[in-house]
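Listed below, chain by chain, are the residues.
Number of protein chains: 2
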Amino acid sequence: MKTTIADIAKQAGVSKATVSRVLNNKPEGVGAETRLKIQEIIRVTGFQPSGVARGLATGKSHSVGLIIPDITNPFYAQLVRGVEDALNQSGFGLFLCNSDRSIEKEKNYITLLIEKEVEGVILNSAGSECDCQLETLEKNNIPYVLADRMIERSKKSNGVYVDNQYGARLAAEYLFARSGSKMLFINGPADLSQSKQRQAGVEQVFRAKGLNNGQLRIINGDFTQESGYQLTLKILNDCGFDHNRKNLPFNAVFSANDVMAIGAMRALRQVGASIPEEVEVIGFDDIELAHLLDPPLSTVFQPSSEMGSRSAALLLQIINKKNPRPKTITLMPELVLRGTTKTQQEKELKK
Amino acid sequence: MKTTIADIAKQAGVSKATVSRVLNNKPEGVGAETRLKIQEIIRVTGFQPSGVARGLATGKSHSVGLIIPDITNPFYAQLVRGVEDALNQSGFGLFLCNSDRSIEKEKNYITLLIEKEVEGVILNSAGSECDCQLETLEKNNIPYVLADRMIERSKKSNGVYVDNQYGARLAAEYLFARSGSKMLFINGPADLSQSKQRQAGVEQVFRAKGLNNGQLRIINGDFTQESGYQLTLKILNDCGFDHNRKNLPFNAVFSANDVMAIGAMRALRQVGASIPEEVEVIGFDDIELAHLLDPPLSTVFQPSSEMGSRSAALLLQIINKKNPRPKTITLMPELVLRGTTKTQQEKELKK
DNA sequence: CTGTTAGCGCGTTCAG
DNA sequence: CTGAACGCGCTAACAG
Numbered sequence: 001m002k003t004t005i006a007d008i009a010k011q012a013g014v015s016k017a018t019v020s021r022v023l024n025n026k027p028e029g030v031g032a033e034t035r036l037k038i039q040e041i042i043r044v045t046g047f048q049p050s051g052v053a054r055g056l057a058t059g060k061s062h063s064v065g066l067i068i069p070d071i072t073n074p075f076y077a078q079l080v081r082g083v084e085d086a087l088n089q090s091g092f093g094l095f096l097c098n099s100d101r102s103i104e105k106e107k108n109y110i111t112l113l114i115e116k117e118v119e120g121v122i123l124n125s126a127g128s129e130c131d132c133q134l135e136t137l138e139k140n141n142i143p144y145v146l147a148d149r150m151i152e153r154s155k156k157s158n159g160v161y162v163d164n165q166y167g168a169r170l171a172a173e174y175l176f177a178r179s180g181s182k183m184l185f186i187n188g189p190a191d192l193s194q195s196k197q198r199q200a201g202v203e204q205v206f207r208a209k210g211l212n213n214g215q216l217r218i219i220n221g222d223f224t225q226e227s228g229y230q231l232t233l234k235i236l237n238d239c240g241f242d243h244n245r246k247n248l249p250f251n252a253v254f255s256a257n258d259v260m261a262i263g264a265m266r267a268l269r270q271v272g273a274s275i276p277e278e279v280e281v282i283g284f285d286d287i288e289l290a291h292l293l294d295p296p297l298s299t300v301f302q303p304s305s306e307m308g309s310r311s312a313a314l315l316l317q318i319i320n321k322k323n324p325r326p327k328t329i330t331l332m333p334e335l336v337l338r339g340t341t342k343t344q345q346e347k348e349l350k351k
Numbered sequence: 001m002k003t004t005i006a007d008i009a010k011q012a013g014v015s016k017a018t019v020s021r022v023l024n025n026k027p028e029g030v031g032a033e034t035r036l037k038i039q040e041i042i043r044v045t046g047f048q049p050s051g052v053a054r055g056l057a058t059g060k061s062h063s064v065g066l067i068i069p070d071i072t073n074p075f076y077a078q079l080v081r082g083v084e085d086a087l088n089q090s091g092f093g094l095f096l097c098n099s100d101r102s103i104e105k106e107k108n109y110i111t112l113l114i115e116k117e118v119e120g121v122i123l124n125s126a127g128s129e130c131d132c133q134l135e136t137l138e139k140n141n142i143p144y145v146l147a148d149r150m151i152e153r154s155k156k157s158n159g160v161y162v163d164n165q166y167g168a169r170l171a172a173e174y175l176f177a178r179s180g181s182k183m184l185f186i187n188g189p190a191d192l193s194q195s196k197q198r199q200a201g202v203e204q205v206f207r208a209k210g211l212n213n214g215q216l217r218i219i220n221g222d223f224t225q226e227s228g229y230q231l232t233l234k235i236l237n238d239c240g241f242d243h244n245r246k247n248l249p250f251n252a253v254f255s256a257n258d259v260m261a262i263g264a265m266r267a268l269r270q271v272g273a274s275i276p277e278e279v280e281v282i283g284f285d286d287i288e289l290a291h292l293l294d295p296p297l298s299t300v301f302q303p304s305s306e307m308g309s310r311s312a313a314l315l316l317q318i319i320n321k322k323n324p325r326p327k328t329i330t331l332m333p334e335l336v337l338r339g340t341t342k343t344q345q346e347k348e349l350k351k
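Line by line, the protein sequences are chains A and B.
For reference, each letter of the first sequence is one residue, going 1 to 351 in this note's numbering.
For reference, each letter of the second sequence is one residue, going 1 to 351 in this note's numbering.
Among the hints, a few may not be true.
One copy or any two copies: either way a pair holds, since identical chains are not told apart in the list.
[As the list claims (entries may be wrong)] Derived lysine-lysine pairs resembling DSSO-like cross-links, with alpha carbons at most 27 Å apart:
1. LYS321 x LYS139
2. LYS139 x LYS16
3. LYS107 x LYS327
4. LYS37 x LYS2
5. LYS2 x LYS60
6. LYS139 x LYS246
7. LYS37 x LYS107
8. LYS246 x LYS26
9. LYS60 x LYS105
10. LYS321 x LYS60
11. LYS327 x LYS139
12. LYS209 x LYS60
13. LYS182 x LYS321
14. LYS196 x LYS60
15. LYS321 x LYS2
16. LYS16 x LYS60
17. LYS60 x LYS107
18. LYS156 x LYS234
19. LYS10 x LYS37
20. LYS182 x LYS246
21. LYS26 x LYS342
22. LYS2 x LYS139
23. LYS26 x LYS10
24. LYS327 x LYS342
25. LYS182 x LYS342
26. LYS60 x LYS327
27. LYS156 x LYS321
The hints are simulated quantities; they were obtained by calculation from the structure and are not laboratory data.
Generate the whole structure from the sequences, applying the supplied hints.
Listed below in structure tokens is the structure:
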């Protein structure tokens, strides 16, 4: 069968304990000669100790879980990459879980992760109102960090966030800069913390500028390209938009992610509205392909990969008991102006 | 501390064995009453058995590893999603590993996975020449399936592939259809099986049509957008391309993946070559955003998600001993014509 | 139908 | 410096 620590011990003519000691690089407790001899045997035999058995004995599985909505979304792919890289440097394994933002799937995954005895969980998943999953985690005494997903109780939790309100403000300030601007804000699902914060940012600018209700329309999509497309198209149709009459119900679109922005652009193009001349568009995320679109998508950049690596680093800190009290890290987004917005220069000129 | 099966047993006034039996839903061996009683205790106490301990006892970790180059690449993201979904349905956990196509990283990950005692590995990673990782896997008696990555010895291995040669032929046949066509083929890294097969496909059509050497130029990129851009631009410059003289060194580009195709498009646009009028472009993969580009990218569709789910299903079969002899599944790619190619209709008309 | 006894492979005392 | 013995939490025979 599989070779074990006992086999190595027998071959070396020593006891399992000694082999264990060299396996774990215990500084002392083994003679230099015996150590070399055992190491040699391990080398030639290609022996690998069982992490499972070790986990049982030490209570450390050396693996963590990561729950995200969907790896297929480029934003999460970046985040996962950041997590994975940071984790791997510390020799940790990563269980990947796609929840599709379903609270039920998320619960099942948490159950799975607990069974796997992960040492920690990074969570970015379903809605914000139900936090029973976190209770389960806490009851089982397994630490977690929230990535880009604030929830009510998260004030007491560890988390890595991006300042969504600030990001939304950046976009809103740009789009509301010219007088007579009318914005369509395609927000994410209403129950998400990100959505609430971004909406707060938009409304903050809206109020500061003293605009009227006709100048801001907010709808909620589900982050898919299709929803951005359908929602935009519906509004266009409902308003009885006629390209010849140039009666566009808005001249600016701010979308809570790039993918929906792309959907919106598709709808706009379909009805013959030009971008950015007639409608300016700003997305959120800055996925890799955003600058490859035509016109290249202006957007609010989120440091997704960094959010992942910081989350992982924070979790590792907690696991190593280096971090007693809850800590929150906030990363800053940036406005990236490209082809779907009129240039700043042009705006200056018009003044 | 953590509650264990022994605690439950004590509370129920039975032995650990009995609890274990209801935990594993052993059809018989437990009285209906006792079973209900134990189930109730488990429910209220929220007890979850340790998969680690179970793994040690049964030799089944109920988790598998997946090694891919980079989750950030949309193609792999799709594949991972397929794998994860299929695995999760069977209650398996997934260790995700990004190798960056580095043989060393790949080896380290395999070591990690062996320590984790995964029950199987799905592999799509580094070059094709070194197969010592597979030997390690075999020596440790852990089954694996190759996903979209044929290697020399893979004839004897389980694998799920897409017919790359056929896919390349589809593209080449289209692009070589009109007389006087000159194709630039941006292939992937030369050592990859996919690259070899695609090149074979292109050359097969090339020979069948009896074309001359001036009509096909093959270069190797590394699947990044930047490489597609740089390589295309270099060729354009080396030929002393002058937009006014209309001396384009090729009128068709076939790229081994969509991302490089996008890079090539960027280069073409930069020098003022129109797509598809002056240069037709076909990519490979059909990533989600391909049809959102302007013009929408024509490409060879690969069923990446299905490749993932089929790989996982196959691996599970093997794990369950249902699949004694090596099996190979080949999926078929499809040519998707969109805006970067002149339409078929137009070609018909010109005849 | 249920309890007892042994391990699974490793880490960790505690003697020697 | 080293070995024997025990335990991690659970499953799997084997008894009763």
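_Regarding LYS60 and LYS327, is the shortest C-alpha distance of 27 Å or less found within a copy, between copies, in both, or in neither?_
within (23 Å within a copy, 37 Å between copies)
*Which holds for LYS209 with LYS60 at a C-alpha limit of 27 Å: within a copy, between copies, both or neither?*
Neither: 55 Å inside a chain and 63 Å across chains, both beyond 27 Å.
*Is the C-alpha distance from LYS139 to LYS246 at most 27 Å within one copy, between copies, in both cases, or in neither?*
neither (59 Å within a copy, 71 Å between copies)
_If the cut is 27 Å between Cα atoms, do LYS10 and LYS37 qualify within a copy, between copies, both or neither?_
within (12 Å within a copy, 47 Å between copies)
_Intra- versus inter-subunit Cα pairing at 27 Å for LYS182 with LYS321_ = Close neither inside one copy (51 Å) nor across copies (63 Å); limit 27 Å.
*Check LYS16 against LYS60 for me: Cα-Cα at most 27 Å, and say if that holds within a copy, between copies, both or neither.*
both (20 Å within a copy, 24 Å between copies)
*Pop the pair LYS37 and LYS107 into one bin, within, between, both or neither, using alpha-carbon distances up to 27 Å.*
between (49 Å within a copy, 24 Å between copies)
*asked:* I want to check one pair: LYS321 and LYS139. Are their C-alpha atoms no more than 27 Å apart within a copy, between two copies, both, or neither?
replied: Classified as within: same-chain Cα gap 18 Å, cross-chain 38 Å, threshold 27 Å.
*Checking LYS37 and LYS2: alpha-carbon separation at most 27 Å within a copy, between copies, both or neither?*
For LYS37 and LYS2, only the intra-copy Cα distance (21 Å) is at most 27 Å; the inter-copy one is 39 Å.
*27 Å Cα cut-off: does LYS321 pair with LYS2 within a copy, between copies, both or neither?*
Cα proximity of LYS321 and LYS2: across copies only (18 Å, versus 35 Å in one copy).
_Homo-oligomer pair classification [LYS107, LYS60; C-alpha up to 27 Å]_ = both (23 Å within a copy, 23 Å between copies)
*Go through the copies and call it for LYS246 and LYS26: within, between, both or neither, with a Cα cutoff of 27 Å.*
neither (77 Å within a copy, 71 Å between copies)
Figure legend: structure checked against the earlier numbered hints; hints not met, in rising order: 6, 8, 12, 13, 14, 18, 21, 24.
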